[in-house]
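Q: Each chain is listed here by its residues.
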Amino acid sequence: MNFQKIGQVDSNLPTRRFKESIFRRLCQLMVFLAVGVLVLLLYHVTHTGIKWVDSDFLNSFPSRFPEKAGIKSALWGSVWLMGFTALFTVPLGIATALYLEEYGKKNWFNTFIEVNIANLAGVPSIVYGLLGMVLFVRGIGLGRSVLAGSLTMTLLILPVVIVVSREAIRAVPQGIRNSSFAVGATKWQTVWHHVLPVSLPGILTGLILALSRAIGETAPLIMIGALTYVAFVPEGPMDGFTALPIQIFNWASRPQSDFHSLAAAGILVLLTVLLLMNGVAIWIRQRFQ
Amino acid sequence: MQIMFLVLMKERKEEMKQNQGALSKLGSLAILMGVLFSGCGTNEVGGDGLSGAVKVDGSSTVFPITEAIAEEFGKSEPRVRVTVGVSGTGGGFKKFCIGEVDINDASRTIKPSEEEKATENNISYVELPVAFDGISVIVNPKNDFVDYLTTDELKKIWEPGSTVQKWSDIRSDWPATAIKLYAPGVDSGTFDYFTDEINGESQACRSDFTASEDDNVLVQGISGDVNALGFFGYAYYAENKSKLKIVPIDNGSGPVAPTQKTINNGAYAPLSRPVFIYVSTESAKRPEVNAFIEFYLDNVGSIANEVGYVGLPEEVYTLAKKRFQGKVTGSAFNDPKNAGLDITELLK
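These protein sequence lines are chains C and F, in that order. Once you know that position 221 of the first sequence is 221 in this note's numbering, the rest is easy, because the numbers rise by one and skip nothing. Once you know that position 327 of the second sequence is 327 in this note's numbering, the rest is easy, because the numbers rise by one and skip nothing.
These are computed hints drawn from the structure, not numbers from a lab. As the structure is a computational prediction, the values presented were derived from the model and not from experiment. Fair warning: there could be bad hints in the mix.
Okay, the calculated bits of chain C under chain F, using three or more residues with CB under 8 Å as the criterion [to be verified]: (1) 231-240; (2) 247-260.
Straight-line Cα separation of at most 27 Å, DSS-like style, residue types lysine-lysine; simulated pairs [unchecked claim]: (3) F:75 - F:322; (4) F:75 - C:68; (5) F:94 - C:51; (6) C:72 - F:75; (7) F:321 - F:94.
Glycine is no exception: its CB is placed at the ideal position from the N, C-alpha and C atoms.
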């Protein structure tokens, strides 16, 4: 009877191997499709945009003449925006994650907070734009400033940063905490000297990837007051600003084809900034471990 | 992004080692940020050394003029930070009447409801005409049968409850293909003016059309759709002549197409109109706003023509400047006393 079973397996083998190879091919095809579309997009953008990217482009303000137009105000606007967003997100995000993981007891209130944070991570960005408009621009009266923009961006990425930081803190082996307590350290000492340093690479990686998302966001910024023509670099948190995705959107919406090429050049700049940020994330991971 | 993160996370969990020195290394990151930020400031000084901010918002029809003025102004006063937004005339007035912006680009005059809102918030304004515009009715260049439209036909197309769905509904010898309508959004002054002139009541219009406060979006839509019909400011046609076909309008005295000449001499009626900027008198006290407006009125004549509008007679700009310097508030164009006066007489 056993022999018969083995025989059955044997007789099925070619069919099963065939199915296996089909499945493998299918997966390969999917990979090629996904990567292929990306390569096509990158090729198209690079092809149209690369001849416009030069130091003039990076150092000029927008202009009604495409050949004179540059991305300076948008680039620095984005840098200011991201700087302040990071400034607000780091303490808020890490502290919240620490509280929920290390201090918060398992009661209905903390569960309520957790559920809400998980839900907030999935809210469309334009909703945060509306909130930012009502709360920061009009409510607190910050106007259409860098500060209002970065606070809105902070709201947008905070849930993601909290979820990610909690994940990193949770991954710290319990043994480390126990050893620390065993030699008489307080909870604060344990967190500061042991839990945080160990989880830091994970937290920072998550933070930078969240910021990379924020730098490409257009909808909330348009909501809090899309400034179409800005020809200066912000000099303080209360200055008006434009950002890379807004400038790209603005150029892409103009009918003249030269402006479309400018938009492609803007996309290249944005992609470079994104790659740099992700590079920093990887570098931090390597270095801090 | 999240997938990438999860992968990183997983690797990390596996590699997890204790590292006590990590926090101190945060310092180097902070320094990096500091270096990044110190590079932001610009220290160019020029012009009269004015600084501060001038906030402009409003009509996308007036935007090309204000954008060009802001660009030129930036060359002589690089320290003054001028921002120009596009929210439509109505959207701009909403911000203007609560004091959020200094200047509103307007392609129509202020409405009584907006006037009330401004008074509530203690905001008075100086109304300054800056150029003539002809609202242009546009079809796709591949459309070879539309030779002209009468104002009655326009009304038939756009009036509320209009039954026009196919080109043949307008004139029976036109093809029975569906017509696709494009128009500025309801916050737009061009929309207000067009509906007022054609349908007899501001904002009265059918609602099944593609709308955008940004005229560029309409240009793109019409140039990509053979069955499109739409309208917007003349400048956007002038900049995109190869992608669009303009429709002459017959108001009873023969079809007239908008050109700089027909807009200027009034032959393109009823769709030609002056466009304005509204300056808050409170803001005008600030030297940078004052300088910007003076610069605007000195240069708009030539710049308007360059970006596709028709500049007003030189005398009008002189009068407008006097009006601004004397801070004459209120709308001369809305005043019933001034009905029938031409633009020069009206400003006197």
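Q: Take the hints in turn and mark each one as holding or not.
A: Results of checking the hints against the structure:
no. : hint         : verdict
1   : 231-240      : holds (count 7)
2   : 247-260      : holds (count 4)
3   : F:75 - F:322 : 25 Å, holds
4   : F:75 - C:68  : 13 Å, holds
5   : F:94 - C:51  : 41 Å, violated
6   : C:72 - F:75  : 15 Å, holds
7   : F:321 - F:94 : 25 Å, holds
Going down the numbered hints, you'll see the structure goes against just number 5.
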